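Asker: Residues per chain, in single letters:
Protein chains: 2
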Amino acid sequence: MSRTGRRKGETRTREAIADAARELFAKRGFDRTSLRAVAAAAGVDPSLVLHFYGSKERLFLSVVSPPVDPAVLIPHVLEGPPEKAGERLALFVLGVIEEPAARERVTAMVRAAASEPAAAAILRDLISREVLTPVAQALGVEDAPLRASLVGSQMVGLVMARYIVQVEPLASASAEQVARAIAPTLTRYLSGPLD
Amino acid sequence: MSRTGRRKGETRTREAIADAARELFAKRGFDRTSLRAVAAAAGVDPSLVLHFYGSKERLFLSVVSPPVDPAVLIPHVLEGPPEKAGERLALFVLGVIEEPAARERVTAMVRAAASEPAAAAILRDLISREVLTPVAQALGVEDAPLRASLVGSQMVGLVMARYIVQVEPLASASAEQVARAIAPTLTRYLSGPLD
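Residue numbers (this note's numbering), protein chains in the order written: chain A, 2 to 196; chain B, 2 to 196.
None of these hints come from the bench; they were simulated from the model.
Keep in mind that the hints are not guaranteed to be accurate.
Copies of the same chain look alike in the list, so a pair counts if it works inside one copy or between any two.
[Stated by the list, open to error] Straight-line Cα separation of at most 16 Å, EDC-like style, residue types lysine to aspartate or glutamate; simulated pairs: (1) Lys9 <-> Glu24; (2) Lys85 <-> Asp196; (3) Lys28 <-> Glu117; (4) Lys28 <-> Asp144; (5) Lys85 <-> Glu177; (6) Lys9 <-> Glu88; (7) Lys57 <-> Glu117; (8) Lys57 <-> Glu24; (9) Lys57 <-> Asp46; (10) Lys28 <-> Glu105; (11) Lys57 <-> Asp20.
Computed from a predicted structure; not experimentally measured.
Based on the sequences and whatever the hints tell you, model everything.
Answerer: Laid out in structure tokens, this is it:
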């Protein structure tokens, strides 16, 4: 096999493993998903899962990446009038997670974080590194990590109430109505008074 | 056995079943907890669990009752200046759930709701009947159910971020600091503009 051919085969194998892992983590949770089961579902040898991903924790981390790219979201939120920052954030995030595949990824992440300490620890590190630290740097204020975690608390609560528990009328309100309702909350958490 | 003695025995049996159920639901989740396992942990015959509670759903419902009594909370929040309603709500709820036993009950409820559709459905009905409907009646406004579910989204998100995922610095901030930070959010959801 040529070098290019081998590289394509490796990419396909990695993707098959990631697809199988995403489905099993969503269905069974982190604890009850074994690397052996992922390998079987992907139709590959278990040793290949370890070869490509190193550990179950790293495999999980690589498949639960947030559907919203912070490198795109953060400049979008911070550019423009600060009093509209919460609205831009809410509309952007809701725009993404109203789409079924993205919603499934987000609810799988929240479910895993809620029920499994190991998954929660992985997500805590992910949130801190990929969201809180960049937001803190972008905001350039001392209490930015607290502000970012308050934003996170409202967003994760919205995912729980609207998509997972499906409390009415929040579950069937339009995305625009929800975005307008939470926008001032997010704006204040980002740059308003906190006490 | 006298009538009083029998009643005391029944109360003790009910409590032993409830204690065992609370512990098993918290540890294993709703799906993986059987009535047989609850009976074994309580040291009673399985038929007694059915006799006292009727079904697994009703047993779950009776042990996951929120640690905050809406009949006490709602008047406390609604009496006094409306612009301080969110502060009264935040301080009251945090005052209760900072206490370890209550926190354990709340996190068990959120975990169950996040990971198990059957538990989520039970909690959705519970929230609607015991929280949203009384709040709607007390507020006396047309969009009260939406307002109450927005309050719920921030509170459940706070439980996720502070107690379950434990994102810093929200996890180690003082209860007073957290209450002050979220109070204006709750006040606006209760009585402020939503768009």
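Asker: Hint by hint, note whether the structure agrees.
Answerer: Cross-check of the supplied hints:
For the homomeric pair Lys9 and Glu24, neither the shortest alpha-carbon distance inside one copy (23 Å) nor that between copies (50 Å) is at most 16 Å. Only between protomers do Lys85 and Asp196 lie at most 16 Å apart by alpha-carbon distance; the minimum there is 13 Å, versus 20 Å within a single protomer. In the homo-oligomer, the alpha carbons of Lys28 and Glu117 lie at most 16 Å apart both inside one protomer (14 Å) and across protomers (11 Å), since each shortest distance falls under that limit. Taking the shortest alpha-carbon separations for Lys28 and Asp144, neither the intra-copy value of 37 Å nor the inter-copy value of 36 Å comes in at or below 16 Å.
Taking the shortest Cα distances, Lys85 and Glu177 sit within 16 Å of each other inside one copy (14 Å), while across copies they are farther apart (28 Å). Taking the shortest Cα distances, Lys9 and Glu88 never come within 16 Å of each other, neither inside one copy (42 Å) nor across copies (58 Å). Taking identical chains as interchangeable, the C-alpha atoms of Lys57 and Glu117 lie at most 16 Å apart only when both belong to the same chain, with a minimum of 14 Å there against 23 Å between chains. Only within a single protomer do Lys57 and Glu24 lie at most 16 Å apart by alpha-carbon distance; the minimum there is 14 Å, versus 28 Å between protomers.
Proximity of Lys57 to Asp46 under the C-alpha cut-off of 16 Å is restricted to the intra-copy arrangement: shortest distance 15 Å within a copy versus 41 Å between copies. With identical chains, the CA atoms of Lys28 and Glu105 are at most 16 Å apart within one copy only, with a shortest distance of 11 Å there and 25 Å across copies. Taking the closest pair of Cα atoms, Lys57 and Asp20 come within 16 Å of each other only inside a single copy of the chain (14 Å); across copies the shortest separation is 35 Å, beyond that limit.
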